[in-house]
Structure formats: structure tokens, C-alpha cells
Amino acid sequence: MEGLSEFWRRFRRNRLAVVGLVVVTILVVTALLSTVLVPFENVIKQVPSEALSPPSWAHPMGTDHLGRDVMSRIVYASRTSLLVGVMVVSIGMTIGTVLGLLAGYLGGWWERIIMRLVDIMLAFPFMLLAITVSATVGPWLLMKLETAIGLRTFSSLPVILSLGFATFPDYVRLVRGSVLSLREEQFVDAARALGANRRRIMLMDILPNLVGTLLVYGTLKVSTAILAESGLSFLGLGAQPPEPTWGNMLSEGREYLLFYAWLPLFPGIAILCTVLGFNFVGDGLRDVLDPHMKDV
Amino acid sequence: MKILLQRLLQLVPTLIGVSILTFLMMRLAPGDPVRLMLGTEASPEAVEELRRQMGLDRPLYEQYFTYMGLNVFSGKTGRIIDVPADDSDTDGGRTKLTLAPEHGFLRNDRVLFTVEGEQVERTISGRIGDTIQLSKPLPDGEVAMDSEIVVPWKRGVLQGNFGTSIVRDRPVTQEILARLPATIELALAAIIFAVGAGLFVGTFSAVYPRSWFESAFRLMVFLFLAMPGFWLGLELIIICSRSLQWFPPSGRGEFGTPSMLAHLFLPAITLGLSSGAFLSRILRSSMLQVLNQDYIRTARAKGLAKGPVVMRHALKNALIPFVTVAGLSMGSLLGGSVIVETVFNWPGVGKLFVESILQRDLPVTMGCVLMLATIFVLLNLAVDLLYTYLDPRIRLDGGAN
Amino acid sequence: MFLSRSSVRPWRWACQAYLFLAVLLTVACVPSRSEEEKKDSITYGFDSDIYTFDPIRQRMMKESAAMNLVMEGLTKWNNDIKLVPSLATDWQESDDCHTWTFKLREGVVFHDGTPFNSEAVRAHFYRTKDPANAATRRHLVQHIESIDCPSDLEVVFHLSTPDCVFPEAMASTYALIPSPTATANLEKPFGQNPVGTGPFRFVDWTPDVAIRLEKNQDSWRADQYQLKRLELRPIRENTTRLILLEQGVVDMADVFFAQVNVARQSPHIELQTTPQLAVRYMGFNNKKKPFSDIRVRRAANYAVNREEMIKYQFFGVGMAARGPLPTVMPNHNPDVETYDYNPEKARQLLAEAGYPNGVDVNFWTTEQGEYRVAAEAVGEYLRQVGINVKIVIIDNAAYWKKFDEYILPSGERYPERDGVYDMYLGGWVGGEAEYDYLRPLFYSKSGSNSSFYANPDLDARLDAYMGTPDEETRRRMLMEMQSLIADDSPWIFGYYSQVNMGYQRRVKGFKINPSSRLFFEGVTAGEGED
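Top line first, the protein sequences correspond to chains A, B and C.
Position one of the first sequence corresponds to residue 1 (the numbering used here), numbered consecutively onward.
Position one of the second sequence corresponds to residue 1 (the numbering used here), numbered consecutively onward.
Position one of the third sequence corresponds to residue 1 (the numbering used here), numbered consecutively onward.
Hint data in this document are derived by calculation from the structure and do not stem from the laboratory.
Don't be surprised by glycine CBs; every beta carbon is placed ideally from N, CA and C.
A couple of the hints might just be wrong.
A partial selection of chain C residues facing chain A, derived with a Cβ cut-off under 10 Å [unchecked claim]: (1) L186; (2) E237; (3) I243; (4) M309; (5) Q368; (6) E376; (7) E471.
Starting from the given sequences, assemble the full structure and let the hints guide the process.
Written out as C-alpha cells, the structure is:
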């Protein structure tokens, strides 16, 4: 408890971080309550005769090209967009942390093979890899997964899997670097002297020390994932309708940009705020948890 | 020199890995290139035949080696089994040959014939066991039956041949090389913009922290880092091109003309803004560090004005991380160019890549990915080397971490 | 914080440099072409890309448009959808449509100087037939058994099966005649170096940027053309293309349906529209429940309010479909069973079929253009009567491919694969010949029949159609087949789309064509905007 209030005191000093935290909190609450706030009926219901009406009291953000209420869709999409962001980071972070721990602590062949793989993955510019993976490996993974569990999953899963796959090398590097320095710390020596085995040291001693760094980095990467999803949507490789994401709403809206400028505006602003929010929170966390970490 | 060589050698396994990974990803892609070529109405036999001709029925590792141009499994020599009478048809003087079946299928492939001890190269297209036409007649002389024919069949990536585009029916290498200058031009313009903007904003905000324009810049920096690139691009097109009519909304101007600059402006800004924003943050933080160091304080205490101090000392010392990050962001620019080129109809490799991947034109996709990844890797190496040069404290062979 | 004088100075140069650069770039704005160059030349911005000029490899619609400028076929369709002579002046069938003799036009020369004669015609079709060339339309010339060249100006096709509409087929893009000298030159792939007899001659091609054509002064119909230069530019982004048109960087451009209103209100642009020779439909999987039941298919047809959809969601661009053929076609049958919006009837039919509480189906579509809009709009109408649609977006290339993956080498379908989709969104740009719609889309063994529609009665009629020499009988057969199909409703007959062409005022005499081809006969381009 002591630590938490200390944490909060230091976090509060960064005003932007607090703003970011408010934005993110609103976002998370909206996402969690989205199904309560707007019935799904409102999200998909089309009133063709009201298509492309400008913002009004009935439709505070106007209606889209099919006559759906944009605000309902934006609120509902917060769920998918946030899910994409968080899932991508979780997948990338999980794979990356496991591999990074292995590489950093075990060393030797493990390290050589894993780091070589990471080098190879990092040889692709990020967007290039993301697009390639979501057009090739993504659908394949999804197909395998769906045949394995015998179910159709939700439509943004290929994007999530692809982006997760494309981002894991960053975490491997980060984790390995930290492990290398932590390995030499006294407490690890102490644990070793006490006879702890390697797995125990990795999980119980080293991993907890990485949480701060990973939290900072992961928060910042949520933004990257959301931006990347919108980029993929623009190319037609994003999540599928009728399930809206901000990315595909923005991308759909672009054909109507000339006459109906508000249509891409609201999802654009939603993305902007979310990304800003996560970036601010990430910066704030960094100041508190990991003051030595470089600008990433 | 030795370091350079050593580093280049270290790249080899990475590049091999890159090529294997790319190749595997392409094979996992849904969609069948043969079906794509032949259309929906093709007969199954035709599909099977073309699949065989394209070597897609071979095992995966063999396909990989063939693609890379390592002639381990193919490229065997063969023989001419028949030379029909030359003047039998209307094709005036064109040599016709029947090739032995072991050649498989040739599709605009180059073949080396040995005619009376001399090697002659010709392009041929044709089917196994069939009579095929040569692009140019073979030189006069005895085209010996059973004379050696070397089929450099699948000159691969290593020989600079990325295969033939399925959709465009053109060699991939040619397609990529035709677009590479445009991409480089855009990336360079973007990095120039990013560096310029980064220097300007970064130094300003470091020298005058907590001033109103520092806040304004900071806000802008955050905004640009948080905007989806294609949205920014489209808004810029609407504002600067449609409403204000300052810049053309798309396409590329002729090299070396004012129109080149005009066409470059919007895409370069769109591409460079986020890098510029990032660079300015880097410069600001590293300059703040330098400015807080003792020797700067000493200089200022001695009465030197702020500006000269900044110029002479702080900036120079803060430049090292800046240059590194600038070099590294060239890579992210290459990645970002994929979307920016699509928005601005910029005839570069990125656009080619997007179109090819949406059309499942896998040879082109693979070529683009390999090409961009290689450039990216080389750029990173160059940045590393530059870094060593700028900061002699770091030695590459020493245990720098 | 105040800025003291001394502290500002070192930064002045930076500010100045930036200002200078900005001014320089602003001055160097949109380059205008010289007036001289502008006269009689047209730049056309179009919405997809062109990859090849080789008629045997054509896949994209715009490729067809471009090829038809450079090359000509034996026959062609005019603006009123009538078959007229082109490179052939006259044709004659004999032997119950097993043999067709074409008289060729005299004195026609390919752009490269090769004379146009019967050998050139023969060379082209043999090249198309040769499996080594992997022609996309090879199956369409499969029934050409042999070609005789009794004289330079006479060519005789021997067909293995009767084909009484063969001259119509000769107006297709795959039947455009390329120069035999050029196709034989493997060093210069024909797809990138096309040589034909057409009114325009190929000049050069910068991939992704522009294809330049110039007038062929030696064309046999050179006097019909005033244009000297033609530039084709692929511009994918719809918004950018429209802006370029507004600014006069391109003189003509395809206008995306959602932007037709923008184009209409723009002071610089003229807009011409016409119903397209194409039909958009939502195909059912006729072999699989629930759509194997005709009541469910009809229910779905009654559920869609096409008029409302077109008026509001398509900006009035397009026309509600009645039956399988576009309304613009001369032999369109207006008296077929129509399915006007009637949700009550739809619900009732659905209940009769055993789905009083609705039914879940999936609906495949692609991202491309208006497909997604149409799929979402139709999906919503279906949902309102209880057909709960789950839209699955498949990317373009995989989309078209998924359909034919389910065909066994014998031509049979994988029975278990029938389960993959329940509905799909289709579009068919069949050109001017009715047969090119009905046969590929509804014949039970056709590879493009992705609705798995099989009606032995229709199959028999389609088989008989080709062998019927009498035009009036054929016409009647077409009418009957249309009613038959409309009754069975293997699709939701969606809408007929529209060709929207915007152009600068200086372009005069342009007449839009319902096929997506471009005709520039009599078109002139003035110097300035006026």
C-alpha cells in the first residue's frame, strides 16, 4: 500500500500522464460497458433514408453512408479497437518475454538461435512485415485455429494474430537486454547460492523485475498496434464488418471525405485520443517505474 | 575496412534467414497463383499442367533453392532431340527445336546452346517435348543433335532474377528497379524534412523549455505521432491540394524539375512528420542532458550568450544519438512508404508491394519484401558504422552493448 | 520567456532557410502543360490498373478498354449494342454453324507494318489455343478446331460444336487480333509492347504512371478520329482521382459512385452516366440449406428494397435489377417474375420453408469498391426479415479463387465444400452478348457458376441455343431462359451498376458507352478550359 501511494504521488507529478490516464480510463470503461451503453441493434441498424445526415441531436456524430448512427458505432468499436491493441501487445509480449528470458538467461545455443530469429524478423521494416503477415500467415493461422477448435472466431482475430506475431521481436530484445544486466545482480547470485534452479531464478527472481519495463513498453505499444490496425484497414486487410473498428470506419469514411467531412473525422479523433492517452500514460509510467529507460 | 567486411559477412545469415522466412510466408498465403493466371474457367488439366510447368509441384525446399538460383536440383543440361526443317513454315528463318522432356517447361527463360563449341544465349518459351521457337535464329552452323544445352533455368534471386510477375507478365526485377528510384526519392525527401523539422523543433524546445512555443511544439509532436498516416495524407490532400491548390494531390514529377519538388512535398511531409516528431523529442532530451552538464554551465557562467553556446557545444554533442535515430528512422520510412505511396499514387516499390499482395501476385510481393528488407538491413549497418565514426568511444569489435 | 536580440540571431538563418524552402515549393506548384501539347490530347485517369496488353492474358476490365484502342477484332459492338463489321467486312455461316467464313478488310496494316491478313487471324487463335501460352480465355476458343486461309482476305473457322453466335464472340477482347510479328518476338513481350491495327498506336508505358498512345494515321478509320494523343493513368484512390479531374491534371476520369454528387456540383466537370452492361447480384449457394429451398431464395429476393437502397445508399447511381440480364441489352426481358420489396411476403415464405424464427447464413464479399457497401446494405435488409447474415470479407484475389477451388478435376463439385458459403456477392461484366451472361453464370458445369445452380431444363436450352441458326428463335429462347431463371431466383437480383465518366469541359463530343470500353470517335479536345 505504501508503495502504491508513493507510485501514485510520483505519477501524479506528470500532468500529461494524468490526462492520459483519464482518457484511457474513460476508454476502458466505455469498452467494458459498450454492450450496455449501445444495443447491438443500434450499431448495425440502417436507416437508408437518413444516410449521411450531418451531426444532430438524434445522431450527435451524424450517420454513415448506410444510415447507421456513427456515435453508437464509435462507442461499440472502442471494444474491438481496444481489444486489438491489448491482445496484440499481450501476444507479442508473451512470446517475446518467454524467448527473451530463454535467450538472456540460458545463453549459448538458445541465445544464438533466438537472437538470430529476432535479427531476421527485425530485418523487415515493421509495416512491411505487418502487412505481409496479415495477408499470408494471418489467414493461415486463423484457418488452422478454426479447424482445430471447430468454431468460427471473431473477425478481428487474424489482424490480432498477425500484429502480435510481427511485434514479438521487440520484446525479445528488450527482455534479453534487461536479463543480461539483471543476471549479474547480487540477488540473483544470492538465489543461485541458495541452490535455486534456473527455472526458478528466471520466473521468481528475474521476471518480477522486468514487470515495470514491460508495462511501460507495452503501454506505449498499444498505440502502435491501434495505429497499425488502422493502416491495415486502409489497405483492406483489417477487421471485418459489420463489427466496426475505428480503423475500418476511418478507412470507409475516406470515400466520403469531400462532401461529408465529419464521417472520417470522428473515428480519426477517437484513434488520436486513444493513442495520445496510451502514449501519455506510457511516458508517465516510464518516469516512475523506469527512469533510466531511453526514449523509445 | 576490416570491420566493414566483417559486418557485411555477419549480414549473410540474416539475409538468408530473411529469404527463407519470406519464402515460407508466401507459401502459406491463401490463393493459388496458377488459378490466378488461368482464371475461373480453366480446365483442371490446364491448371495441373501449368502448376507443373511453374515447378509448384516440387517439394518446398527444392522450390526455395530454385527461387534463390542455387541450381542444386535443376538447371541440368539437356539435349535437342529434333530440329525440324527450317523453311517448313512461314516464320522466315526462325530456328525451331524440339527439346528433350527433362527440361520441364520454359517460360521466357534464357537458354544456353552450344553450337559448334560456342555458347549462344536465347530466350525461349515452350512446353516439354514440344517444338519451340527461338527468339532469334541460332547462328549458322551445325546445331548438333545432343549438343549441350544449359538451361540456367531459374536464374534466381542470387543472379538478380526475382521471377516473373503473375499478373503483370513482366520480370519482377524490372518491375522493382523501375520503381526503386521513386521510393528512394520519397524516402530521402522525407528524411530531409524529418531531420530539418527535428533539428528546428528539437533545439528550440531544448533551449527554451517551458515556453509557450515549446508547449505548442510538444502538442504538435504528440498529435503527429498519434495520427494514422493515411488519414493525415488524405486531409493534407483535401486542404493543401483541393482547397488551397498549392500542391498536386498525387503522382510524381519529372526528375530535376520544379514539378518534382511540388509533387514531393505532400507525400514527404506525410511520411516524414512522425519521424520528425520523434527526432525532435530525441534531440530535445539529449540536448537537455548536455545543457545541464558542467562545461556548458561554465561557458554560460563565463557570460557566453545562450545561442552561441547552444550552437557550438550542446548541439554538436547532442547530435550523435540524433544521427543514429535519424538513420534508423530511414527504415521505418521505408515501411511507412507502403501506405503513403498508396495514398499519393506514388509510383514506388511500396505501392507495387501493396498491389501485388492484394492480388496475390506472390513473385512480386516476395521480390519487394526481399528488396526492402535488404535495403533496410544495409541502412542499419551504415548507421552503425556512422555511429562508430561519430563516437570513437564505441568500438564495434569491443564489447559495446 | 523573453527573447533577447542576441539569442534570436543564430536562429534567423534557420527560419529564413525554412521560409525560403517553403516559398520555393509553393511557387513550384501544379505544372501546367503547354497549350500546344494540350490541344487534341486527352489524359484519362481510371480506377484500376492495367497489367498487360496481351489479349490472351486479359483479366481486368480496364485492360479490355485499353486493348480495344490499340487492337481491333473481326467484328465489334457499336454504341447501340449492335454487331457491326470491323476487320471483317462480311461473314457467313455454313454447315449448321460448324463453319464460319469471314471476308477480311483490304489494305489494313498493323502498326509495325505487317500486313493484316488471314494468316494473322489464324496465328492469333492458334496462339490462344496453345496450352503453353496459358491464355486466360483459352476455354472459349476450345471449339475452334482448325482455321483455313484460302486467300489473304478470307479466313474459315471450323468448329467442333455448332456456334451460331460466333461473330459475337469475335467482338470480344480475347479475339482482338495482334500483329503476328510482334507476338512471335519473345525479346519484346507483347503484353508490354502491343502492336495492333487499332486507331491508336502504343508509344510507351511507365508502370504505375502512364501509358501513352498516339493516333495511328494509317488506320482505316483514321478520319473518324481527331485526337492526336491519349494518355492513360491508373489512379486508385477515388478522392485523389476526382481532385485531379477538378484541377484539369487529367481530362477524363472514372467517378466513384459515392462521389457522383461531388462531380455533379463541380463547376469544371461534365458528368455522363449510363447503365453499365453488367449486373450485380447476391448469389445463393443453391445446393445447400437454407437456399436450396426456392421459398427461402424468393423470400430473400422479396426482402430487399432495391429502390430505397439505390436512392439513399448509392446516391441514385444504378438501377434495380429485374432478372439476370442488364436492362440496356436489346434482348432484356422486362416481363419476368419481379420481386418488389415485400417484407411480409418474405417472412411468410420463410415461415413456410420452416424458418419462422429466422435463419443464420454467411455472406461472402470482397473489400473492393461498392461491393462492401452493397453487401452490408443487403445484409441489413435480410436481417430485418429474419435471415441473419454474417458478412465475411475475403480479400480480392482469394475471393475469386475460393469459388473454383471446390471443383473436382472431373468438373464435379466437392460435396463437402458446398458448406463453405451460403451467399456471395457477385458482379458480372459480360459485355454485349446475352449468351456471355447466361452460359457462364447459370450453366450447371460452368466454372463461373458459383451459385451451384443446376437446372437441366436451362442446360438443355443453353446447349440448343448455340446450334440455333435462326435469330428470331434465338431471341425467343433468350426471353424464355430469362423467365426461367427469374422464377428459380438462384440469386438476389441486385442492381445494374452505372458507368460514371467525368470530363473537363474542353473535351467535346464524348459519348459514354455502356460497356466499359472507350470510344473516342469524333472526340475533340480544345486548348484551354472554356
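Task: Non-conforming hints, listed in increasing numerical order - done: 1 and 7
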